[in-house]
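Full structure from sequences and hints, please.
From first to last, the protein sequence lines stand for chains A and B. Sequential numbering of the first sequence, starting at 1, is according to the numbering used here. Sequential numbering of the second sequence, starting at 1, is according to the numbering used here.
Just so you know, these hints were derived from the structure itself, not from any lab. It is possible that some hints are incorrect.
[What the hints assert, rightly or not] Below, in silico cross-link-like pairs of lysine-lysine (DSS-like), each with a Cα-Cα straight-line distance of 27 Å or less:
id: 1; chain 1: B; residue 1: Lys358; chain 2: A; residue 2: Lys443
id: 2; chain 1: A; residue 1: Lys513; chain 2: A; residue 2: Lys638
id: 3; chain 1: B; residue 1: Lys250; chain 2: B; residue 2: Lys101
id: 4; chain 1: A; residue 1: Lys528; chain 2: A; residue 2: Lys491
id: 5; chain 1: B; residue 1: Lys548; chain 2: A; residue 2: Lys423
id: 6; chain 1: A; residue 1: Lys513; chain 2: A; residue 2: Lys214
id: 7; chain 1: A; residue 1: Lys513; chain 2: A; residue 2: Lys443
id: 8; chain 1: B; residue 1: Lys548; chain 2: A; residue 2: Lys395
id: 9; chain 1: A; residue 1: Lys563; chain 2: A; residue 2: Lys638
id: 10; chain 1: A; residue 1: Lys443; chain 2: A; residue 2: Lys491
id: 11; chain 1: A; residue 1: Lys496; chain 2: A; residue 2: Lys531
id: 12; chain 1: A; residue 1: Lys440; chain 2: B; residue 2: Lys358
[As the list claims (entries may be wrong)] Pulled a few chain A residues facing chain B out of the computed Cβ check, cut under 8 Å:
id: 13; residue: Thr252
id: 14; residue: Asn254
id: 15; residue: Asn265
Please read these numbers as outputs of a predicted model, since none were measured by experiment. From the three backbone atoms N, C-alpha and C, an ideal C-beta is built for every residue, glycine too.
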Amino acid sequence: MSSPEYCLSGHPTLPCNVLKFKSTTIMLDCGLDMTSTLNFLPLPLVQSPRLSNLPGWSLKDGNAFLDKTELIDLSTVDVILISNYHCMMALPYITEHTGFSGTVYATEPTVQIGRLLMEELVNFIERVPKAQSASLWKNKDIQRLLPSPLKDAVEVSTWRRCYTMQEVNSALSKIQLVGYSQKIELFGAVQVTPLSSGYALGSSNWIIQSHYEKVSYVSGSSLLTTHPQPMDQASLKNSDVLILTGLTQIPTANPDGMVGEFCSNLALTVRNGGNVLVPCYPSGVIYDLLECLYQYIDSAGLSNIPFYFISPVANSSLEFSQIFAEWLCHNKQTKVYLPEPPFPHAELIQTNKLKHYPSLHGDFSSDFRQPCVVFTGHPSLRFGDVVHFMELWGKSSLNTVIFTEPDFSYLEALAPYQPLAMKCIYCPIDTRLNFIQVSKLLKEVQPLHVVCPEQYTQPPPAQSHRMDLMIDCQPPAMSYRRAEVLALPFKRRYEKIEIMPELADALVPMEIKPGISLATVSAVLHTKDNKHVLQPPPRPAQPTGGKKRKRASEDIPDCKVLKPLLSGSIPVEQFVQTLEKHGFSDIKVEDTAKGHIVLLQEAETLIQIEEDSTHIICDNDEMLRVRLRDLVLKFLQKF
Amino acid sequence: MDPECSQLLPALCAVLADPRQPMADDTCLEKLLDWFKTITEAGSSLLLLQGNPCLVELLCHMLKPQDLSSRVLAFSLRLAGVLAAQEDCFQYLQQGELLPKLFGEAGPLGGAAWTSPTVRSGWIQGLRSLAQHPSALHFLADCGAVDTIFSLQEDSSLFVASAAGQLLVHILGLSMPGPAGGPPSLQAGDWPACAQKIVGHIEESLRATATPQITQALNVLTTTFGHCHDPWTQVLWVRLSPLVAGLLEKDPVPAAHSLVDLLLSVARSPGLSSSSCGLWETLARTLSHLSPTQAGPLALGILKLQDCPQALRAQAFAVLLQPLACVLKATAQDPGPSGVLDGIVGDSMTADMLLPSKAACVGLLCRTLAHLELLLPLPQRPCPWPQAPLLGAAVTLLQLCGGSARPTSDAGRHLCGLLLGCVRVQRAALDFLGTLSEGTGPRELVTQVFAVLLEYLRSPDSSPTVLKKAFQATFRWLLSSPKTPGCWDLDPHALLFLRDLLPVLQKRLCSPCWEVRDSGLEFLTQMTRHWGGQAGFRHALLASEVPKLTEQLLRDPESYVRASAVTAMGQLSSQGLCVPAAGPEHPGGQQSLLAELLHILSTDSEGFPRRAVMQVFTQWLRDSHADVAGDTEQFVAGVLQVASQDLDWEVRAQGLELALVFLEQTLGQPRSHCPCAVTPAVAAPVGPLAQALQPLCRVRLFEFAFRALFDCDRPVAQKSCDLLLFLRAKTASSGSLQESRSSPHVASVEAALQRWQAGDQAQPLGDLEPEVVLAVLRSLDLEGLQGALAESSDHVEKSPQSLLQDMLATVGVLGGNEADCY
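Following this line, the structure appears as structure tokens:
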């Protein structure tokens, strides 16, 4: 029985894989690769004549996303396991309008923050008026004529419009909440367990196991000490297969150095009277950044500089982070008992240093004071309030935009805003595992096989000399690429079978070696819901009538005396001696690959002795065969 | 010994001999022994013993079977040794058979006390003191001590084992004829028995298979050749060198580290003529037999030798350069036109030797860089010095560690993997690179140097210590950049570099890590000190935001950073590089810096920024800085007033330094001025002395100095004393001031000073007239005070008498403590 794995996403950090394991179909994450949005123009909050008149760029229909291929029928997916809120953004595309009828499993913070991210996305897209919608360009003949990046984009026909809030709600309603280390039975065949992965609030790795096989799915994990609960490594041990995805996207950037760089550049800009724009997601690294700034602003003399956090979900995000105490690192958990809010951004808000707004409109415009620091989305710079700030501040060299999210190429993100006078700083902060940490993890966990995206098995194309920027393990990792099906290297040899107590009672074990007892058993194997049970055989039908019947029932093979089972091995030399004692002469022994052949040349008989079988081959001399058989049996144990 | 001590001694000896009286503090015993050593060095031990029979009684007491503390036992053994160092006293103690009993089998050697390492150590040290004369040698031979010492070389206590080795060296030296004894014979039979025995033991150890034994023998020899340069040492070497050379036959070479020490010790010994006894050949063979890690120290040692064959030097240098040559080879670089590194790495010797493990590779590279760094400034450094390849290697190493190298070979990629982000190698390479700045290099290499330095200064991953070193190396390279004759400004390349550097510095000054901000400021101060007057530098600096950021760092939360910012701002201001601060809080630009620094001096909670302010002020006064020169008296008066109330003694001491500068200027010893200072406001005095002292009185310098004279911190009082003595000498030479000793004002000042000395400094002195000051100065016993201050603070308590009293007091023998028991 093979366990194929289907890879539906080409983006190693936004994975979407389907694992067929013991007759269950499990989708592992459903990340949404939004890099295709970079092919579109920003969606301005106010119609921008500059943007609509850019040569070489054309304003197309709202937004589009890359969807899954037709590799697998989504309605056959039994469960979806979500590892963190970034990896569930495609959920509505999968659960809605596909016939999907399974269950989605995720932790509570994942669901709540994932909802915020989706809500923000929908809000960003829906609030800008769409003048017209075009889809004709997706026709391959027309696409050929488009300018460069669009011309080369693959499978544009599968690009979809953004989902609606209704679809989001419907998708989220299919999620069942789980807690770390909770064991969830799937159809009796498989047990899945989420483990803390240390990357984000509620982020998890998953263990998928049967009685004799264990698959670990590691996606988006971090060994750094940030706000979430630390990664649970110990439970990943003894895996047959470890699927490794979601490593850091910027393996050469050390998050600590980047945070320092972020703070330095922020302070430098603000001290010179400039504004700082930080395009970011409304949850995740922003919590850590705010915490660093909390410690840094006083020392940098920035106490009077306002920090604005603008997102439709800003308020919920800041508040949610404070209530998920059990999902936080130990340090933050203990604060709750003091009682103190676990994150210091509460204090920033209280002291009016950090202010949050749902959008540019309303209160923000009256409170707005410069110089300031603005955190807002979307990191692609294609939609959201960030578009407005880019237009507003892009012309002055005093201002700085600092990119901290690693998901988008900052140069591509900036392209439609060129020429740009404002300074651009790239400080990608990605706390996910780097290759050094991976090699330590693999040494610690020692899986039999590692399966990972193709990208991780070779150095990045731009740094082909960096042999350290790839997974180095023994045996070499098995790699997959988008739209590939991979057979996982299981050697499945055993199934667990239960024995009913009354049947077990009836067994009479016999010790054949010290410590090893054997018993024969006759039973009926009953299989249901992937559970196997040995039940007592049905009693032979009770004799109901005359003698004739009784006699007949004596003849049925069931009631035959069972032949004893044999065990042990035959020592060839002694066997030959015994044969000689019993009058056989002219005995010749030949060694074979599997054992020995004893030739009785005179009798033209051949005894083939192998590890698990012995054959006596003679021509129609039953007497001889029985004699020889009895001699052979003398060397074996019977029970 | 003075009679008071003699009186106390019997009681003390009784206490020491009494096992029921534990001696809690063994530093007392050390002090006591030191005292006995001083007495015996100054006079006759025999007389000491005869005058104080309790000492012999104490030693005899040690022989009785009892439960004595190991510390007292060890003390007694050492005391016996100290006393027996003089031959007549030795004989005296021998009469009572005391010494054999103490040091022989009958003594602690055979008893349970021997299990204590303290006692074993005391035994060795006792013998070490004792072994000073021929009689002692006989004694050692008779009591079989040498065999015991041999066994103690393997003692479980490292201190005991090491002391045993040194004692062997000492005995060997004592038993061999001195320099006057004529050339000794090579024949072992002619040597004294004791020497024969020791040398025999060494030979046997050198032939042993166990490394510890070989190590001991090598260590004994190393010490011997290091300390004794008599002719016999050459004979000893000639005899032992075949055995030592034999060690090289083994694979791996045992005790390589000790072997290197020995060979270098022999090579350095003036008693040996190296050429005659095959030393150079042995050294050459050793160099080629040892692993690169082991051979490094030997190669460095050889290169440091004054007279050494050129071929050997070349071989040693090649060994030293090998790891760097491997790095260059692994990264497929040209080993340089000079060809010095060329050919060092043969086909068999590839980068593989660097690669076995990260730890080995990093260790070897760091040691190599450190060795080369040591070698570079020496006059005997190899010539020609391969400056260019070494520069190339340092740059390559830094690129490998920083991840900017693009090696094409497998070895290079592997090396890159090992070194990436390695802080140790980064630090070592930056130090080395800085040292290399003293030489020149080809233009394109220097460009690479600046590029890699900039890369490090820019990189967000550079650790604070690495950054600091990068700043230091950058400064050294800027210093060494070629200068146009007659112009001190930076050359055009350096100025271009500066244009890239300043934005980096700006960012570093905003770093969240205080160490980084601090080293950035230090770097800025250094640069400003050197090029602050040069147009190119000034222009670049003023065009940047660095001066403004520096000013903001005066309010940094970290005190070290504030201190560095104060120093930097002081320097910038001296050079006229301060940008007038904008904003309502700082009206008036330049003037506000003085106010700001005064504010720091009077309010900063940490000492470092306040000390830095005082240093800046002193420098400003010296340089007649424009802000200060405007109204010097008001400035000095204000500063002294704040400084006198400071709780940090260094601030007060620095205040005295500032007072001295003012005093010198007032009395007419103007110092040299900085280039942009205005004309000094204080000219040499023309009027009579009283008139000259008037400004000092007006700034209340004397009140400050007198207060400091009785400061509870000795350095402040000393400095004040020096200042007043200087002033008195100055005034005495000019003389002719009216004596006003008898005036009532003088009396009241003197009375006030007496109260100050007694600790009550509440009362101010009020306005002082020059005459009164001079009178008070004369009446003060400044010399006496200086003498008292020069004594260490415990000079009263340090007498032997007080030591003895203390020891007795701790066990309650002295005084009325016994009464407390009832």
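Enumerated hints in conflict with the structure, sorted upward | Failing hints, ascending: 3, 6 and 7.
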